[in-house]
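Novice: For this one, chain A is given, so just place chain W on it according to the hints.
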Amino acid sequence: MGAGVVGAAVARELSRFHLSCTLLEAGPDIGAGTSKANTALLHTGFDATPGTLEARLVRRGHELLSAYAPQAGIPLARIGALLVAWTPEQRAAFPRIVERAHANGDAAIREVGVEELYRREPHLGPGAHGALDVPDEGIVCPFTTPLAYATEAVLNGCELRRGVRVIGVEHRGDGGFELHTTLGPIITRFFVNAAGLYSDELDRLAGHDGFTITPRRGELIVYDKLARPLLNHIVLAVPTGTTKGVLVSPTVYGNILVGPTAQDVPWKDDTSSTAEGLAYLRAESKRILPQLAQHEVTAVYVGLRAATEHTDYQLTIHAAEGYTCIGGIRSTGLSASLAIAEHVRTELGAAGLELRAKESPATVRMPNIGELSPRPYEQAGRIVCFCERVTLAEIEAALGSTIPPVDLDGLRRRTRVLMGRCQGFYCGARVAALLREGTA
Amino acid sequence: MTDVIVVGGGPAGLACAIELRRRGIPDVVVLDREERAGGIPRHCAHKGFGARDLRRVLSGPSYAQRYVALAHHVGVDIGAETMVTGWTANGSLEVTTPESRASLSASAIVLATGCRERPRPARLVPGSRPEGVLTTGLLQQLVELRSPRIGTRAVIVGAEHVSFSALLTLVHAGVKVAGMATELPRHQSLPGAALGVGLRYRVPLWTRTVLTEIRGRPRVEEVELRDLRTGQTRAVACDTVVFTADWIPDHELSVTAGLELDPGTRGPQVDTVLRTTQVGLFAAGNLLQGAEPADVAALSGRHAAASVVSWLNHNNHWPERVPIVCRPPLLWISPNAVSGGEPPPRDRFALRSSAFLAGLGIEIRQHDRLLWTGRLRRIVPGRSSSLPASWLEKVDPHGSAIDVQLAAQRH
Chain A
363 MGAGVVGAAV ARELSRFHLS CTLLEAGPDI GAGTSKANTA LLHTGFDATP GTLEARLVRR
423 GHELLSAYAP QAGIPLARIG ALLVAWTPEQ RAAFPRIVER AHANGDAAIR EVGVEELYRR
483 EPHLGPGAHG ALDVPDEGIV CPFTTPLAYA TEAVLNGCEL RRGVRVIGVE HRGDGGFELH
543 TTLGPIITRF FVNAAGLYSD ELDRLAGHDG FTITPRRGEL IVYDKLARPL LNHIVLAVPT
603 GTTKGVLVSP TVYGNILVGP TAQDVPWKDD TSSTAEGLAY LRAESKRILP QLAQHEVTAV
663 YVGLRAATEH TDYQLTIHAA EGYTCIGGIR STGLSASLAI AEHVRTELGA AGLELRAKES
723 PATVRMPNIG ELSPRPYEQA GRIVCFCERV TLAEIEAALG STIPPVDLDG LRRRTRVLMG
783 RCQGFYCGAR VAALLREGTA
Chain W
183 MTDVIVVGGG PAGLACAIEL RRRGIPDVVV LDREERAGGI PRHCAHKGFG ARDLRRVLSG
243 PSYAQRYVAL AHHVGVDIGA ETMVTGWTAN GSLEVTTPES RASLSASAIV LATGCRERPR
303 PARLVPGSRP EGVLTTGLLQ QLVELRSPRI GTRAVIVGAE HVSFSALLTL VHAGVKVAGM
363 ATELPRHQSL PGAALGVGLR YRVPLWTRTV LTEIRGRPRV EEVELRDLRT GQTRAVACDT
423 VVFTADWIPD HELSVTAGLE LDPGTRGPQV DTVLRTTQVG LFAAGNLLQG AEPADVAALS
483 GRHAAASVVS WLNHNNHWPE RVPIVCRPPL LWISPNAVSG GEPPPRDRFA LRSSAFLAGL
543 GIEIRQHDRL LWTGRLRRIV PGRSSSLPAS WLEKVDPHGS AIDVQLAAQR H
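Line by line, the protein sequences give chains A and W.
All you need for this note's numbering is the position in the first sequence, starting with 1, plus 362.
All you need for this note's numbering is the position in the second sequence, starting with 1, plus 182.
Mixed in with the good hints there might be a few duds.
[Said to hold, decoys possible] Facing chain A, according to a computed beta carbon distance under 7 Å, are these residues of chain W, among others: (1) Met265; (2) Pro301; (3) Leu327.
[What the hints assert, rightly or not] Just a sample of chain A residues kept apart from chain W, beta carbon distances all over 10 Å, derived: (4) Pro488; (5) Thr576; (6) Glu709.
These are calculated hints, taken from the structure and not from any lab test.
Fair warning: this is a prediction, and the values are worked out from it, not measured in the lab.
Just so it is clear, CB atoms sit at the ideal spot from N, CA and C, and this is done for glycine as well.
Isolated chain A (complex conformation) (with noise of 0.2 Å):
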């Protein structure tokens, strides 16, 4: 249940074996929630907390996720990151991070001088007192991920239902569930909960009581594709006690991100900006690439995270129910993905779950929008949306793909159609048009 990143990944995951699996999404879409909103990048784990179970998942979700990348046509690169000091006391902080990265299994992981920081990134503001390089830290299409995984999971015989809720959980008698839906009974031996924001709610629903999600939200501004130029890796904050701070990062698609906010919030379902955040991250830019103040605005977005009062993931197997809950994954979800799904896989099959490999699984080939290889109108093509250079070509190829779109937010996150600078003042219209046409 949940057909975010993580919920999409399992059942990419079990789809490669002989078993009857469905993926329900109570959203419109793949990845419409907390996945769509995010900041994008690949964690290494390296700050994770050592020995933790996300320590551990994010480390190998790292290294999965970059070996399927460019099997699955995900666009993903390796950039690295520098974590920069603006105080004595962020620089003091250094030899712990190194330590803790140690911890993790980062051995790349170096402090570097104010010198070779300016150099390598010249338009950083002033008054930094050094920087630490994460080399493998990474940035990577959070829309074409789940999509991918659930693309390869339908291929290979899940089923998937859109817009579904799951209303109550009953135990079988003979084990395993009866899961009451807005679509009807559905009967399943096991039972995933990959529910995001709502997955502690569905764990009450499932008799188990195990954590509260308190959403956090974080507010995030996309700045216009000709402020590229002014960045080369992603720029993390020293994290402090509750976050990891506002980041500067390049986005796959050629913008320059900027956030997140950090601020609990009571409610699951608003993913309002405030003029606060917007404000703060205005500023935040100025500070940390100047002239990024020059530039404009493409989009701002606002992502949820599934945060708990817990400091870990909460996943937790049940094995004699056959009940598995992936809470509490927070921010870590995109880069962890991969690894939450094998690691559900392992522990299925040591709770009975019979697990026999297909011999020859289908793969996917997703269509690439981000910028890091060429893309379709690098040969030629009608460009209906010019901000993002979308062809109709694209477009007409994610209206009739394995999981089509149902609305502009879908085809957007598909083709990028719509995520330019002018916000739909030249094709927005057309675009909607061809969504009518192509969803009628």
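Specialist: Frame of chain A; chain W shown alone:
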């Protein structure tokens, strides 16, 4: 190699290409990325196009069609669905067409890529991200394509000419307009037109009012407005918000070409005959500044054509220039550099201000030399006032930047 490539087939680009052919340039190509050339006027169903350039008053679509027909008639080669995406290392254009990808070069290139309205994210308006948040450009195309569900009740942000155009479009599409909000103390359109529209459709104009939040999901449900005089906020129910004006030149190709931009207009810096800072590269129309009426943009294109021809005939002269800088509250001047005594388009400079000004003196100085001083009866934000070009010959071509500022305040 082509003689001249014009990038952009709106009024400025087409007028430029037509004039180039009329002046005897054999090989003139217009590259337009849209399905049909003609530019923004294609979607403006109302009358009011063509008075200054064609000496007649047409609707936007008729005006656009007329320019396309004229261009074909004089032998301009128009490539539709042909998008210039960048530059090669040696300065050729990288071009995508439905059938191919090519590098095109020309003896001269004219950029006429126009401008767009700043959409909601660029204005950093907080709140939810619902359906129903539009720009005028998007609204007009939605209506043109007969999209269902434009909305039922709209708030318009801005009170310039184009804002009233958005109002008319909404009303004709059956959308009730709850009101127009402007941060300024009054509207910026023509007095008669605005009063007429206001009376006829009973649309309130909320002056000194800023839109501070959009709420609703999945569709707009209300907006929050703040009165800048009192600081008080109130919610106005609506399902549609139209952000109008606040134009920005579509300057991507100018930036990637390495052209110097004018800090005020955000378009490429051009001298009075519309030469950019790069040899052989000219710019015209609303790429230079957002935004003038279509006919003014067309006349700018025509002006650029004369300049291109002159350059093609004496292929070696790309003079040094002196930039013109505006001091607040003046926003920008266009053209914004001087490299000789040749007159600007329509023999005047366009001047903009961020505030309503009346009866104030303007000074044009180069260092401590006064080049010109005079009085402008009235300056309205979002509309151009004209400054004469009579002072050009006094400019020292080797001197410092030229300042345009308000004269010292006198009582």
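Novice: What hint numbers does the structure not satisfy?
Specialist: Every hint satisfied by this model.
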